[in-house]
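**Student:** Each chain, written out:
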Amino acid sequence: MTSEYVLEMKNVVKYYGDEPVLDGVSFKVFRGETKIIIGASGSGKSTILKLIMGLDRPDEGEILVEGQEITRMKESDLVAVRGKIGMVFQESALFDSLSVRENVAYQLYEIGVDEDEIESKVRETLGFVGLEDAIDKMPSELSGGMKRRVALARALIGHPDIMLYDEPTAGLDPITSRRINELIIALRDIKGVTGVFVTHRLRDAFTLATQYASNGGPTTTYHREGATLCIANTRFLLLRDGKIIFEGPDELLRRSEDPYIKRFLA
Amino acid sequence: MPLTPKAAIKEVQDISSLAAKIFISAFKRPLYLKDVLTQMDVIGVGSLAVIILTGFFTGAVLTLQTSKTLSTFGAIGFTGQLVAVSLVRELGPVLASLMVAGRVGSGIASELGSMLVTEQINAMRALGTDPIKKLVVPRVVATTTMLPILTVVADAVGVIGGLFVAVFVLHISSNLYLNSAWDALNYMDVVGGLLKPLVFGATLSIVGCHCGLRTHGGTQGVGRSTTQAVVASSILILVFNLILTRIILAYTQ
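Respectively, the protein sequence lines represent chains R and C.
Here the first sequence is numbered in this note's numbering, starting from 108 and rising by one per residue.
Here the second sequence is numbered in this note's numbering, starting from -18 and rising by one per residue.
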């Protein structure tokens, strides 16, 4: 059965110790859409991504990836599901014993792709994030922003249908964050990648929600939405203490009268 | 974490289930042979200097001590025999394993622990790799195969260290020392002397991996895991040594 939803969470509950981190979370992500999950630290945002990737299992509820229920899948069967998903971790999580080339090529080595194809794919993917020159460097020689871009390239090399971003701009300066955001917008609008973007930085969240990319010849251009238009294919999800308290587009989020949301946005 | 009986049983259970997983994964594809070879180099060749120094000085000091005791009975000619037997049966396997536990067990725990707290292990799983196969199995296989070899090196260098002391300090002829050393060793000494490091190697690497993989609490946690790995594996080595010695001696008659 194919579903119009790429990702679906049904009533997911997750405990760490005695505290519930997620308390009955349900949402759906359409194909090509980017869902932005915002919330204070410790509200369970990153946990959602780990559950979608199958890195952790929920205590209750169901998670569907491309219509497949993954919460009761065997670890060996999860590998196929994870192949469709790319993930950018908080703090990049690059393998620090491997060079940039080996980091980006990791997934291809695992599948057993031949050397020449790996080299060309690595160069192409690093070209997309603008880091072709860093191919022979080690992660320790890179700046925080470069690491984040290598992590993005590593997640993209297998052409995933779904991308999960765990605070990809945390701790970066505004210019570097902007560069990362533009790459994510380009993935959404030009390559049609479905995404889940977790952040507590509202500025980045609204950039993603109000800008869109188009491909004019060889260069990608970024535009800002008009005052009333809602072109960017992005929906917000606000988490508070493991519960979803808002779901919808940025325009509605800004106009919300809820006192907690107002305080969160202020 | 306070060591309650419940926590201790849980710990034993976790280590056993990890050991079972390692055993099953070691025979299933994909096999990371390149990683196994790298770890053999890091663990085996990398520990050579430490093992040579340990063996040499242990053999030398053992010769000094035993010759002192033996000379009171006028039996200084048996020095080589006593040194060789002590080294091959006990000191070689145990000291080599303890040194490797300090060097390799701690290294494994801190490396896996750091990878865990920086989410590299999760990243690896996200990219479709089983960390047990990619990280744990190569380390356990490499340590288990290299430790018996390192023990042979430690034994041999120990006998040579003893020879130095025998010849230059005690003025015993090298022939007498080496012949009595050679004659003293029987088949079971060698088998036992190699079986022990095999068990100790598996123990210290599995404990190292277990401590690394259950690290929590950031960088501080990595330090804690490293210490625990060394302490736990050293004690386990000493306990298993007693058990194995009892078993081997039962078969020696």
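These aren't lab readings, by the way, just hints derived from the structure by calculation.
This one's a predicted model, so the numbers in the text were calculated from it and none came from an experiment.
Treat the hints with caution; some may be incorrect.
[Stated by the list, open to error] Some chain R residues judged to face chain C by a derived CB distance under 7 Å, without partners named:
#1 Val186
#2 Gly190
#3 Ala200
#4 Leu215
#5 Tyr216
#6 Glu217
[Unchecked claim] Computed beta-carbon distance windows for the label pairs:
#7 Glu111/R x Thr(-15)/C: 47 to 57 Å
#8 Gln201/C x Glu126/R: 16 to 26 Å
#9 Ala30/C x Glu222/R: 28 to 38 Å
#10 Ser250/R x Val212/C: 30 to 40 Å
#11 Ser204/R x Asp164/C: 45 to 55 Å
#12 Ala(-11)/C x Glu224/R: 18 to 28 Å
#13 Arg361/R x Ala1/C: 52 to 62 Å
#14 Thr19/C x Glu231/R: 23 to 33 Å
#15 Pro(-14)/C x Val120/R: 26 to 36 Å
#16 Ser(-2)/C x Arg331/R: 50 to 60 Å
[What the hints assert, rightly or not] With a Cα cut of at most 27 Å, we get these calculated DSS-like pairs of lysine-lysine:
#17 Lys2/C x Lys157/R
#18 Lys157/R x Lys115/C
#19 Lys191/R x Lys114/C
#20 Lys157/R x Lys117/R
Glycine is no exception: its CB is placed at the ideal position from the N, C-alpha and C atoms.
**Student:** I'd like to know which numbered hints this structure contradicts. Please list them from smallest to largest.
**Tutor:** Checked against the structure, the hints that fail are numbers 4, 5 and 12, while the rest are satisfied.
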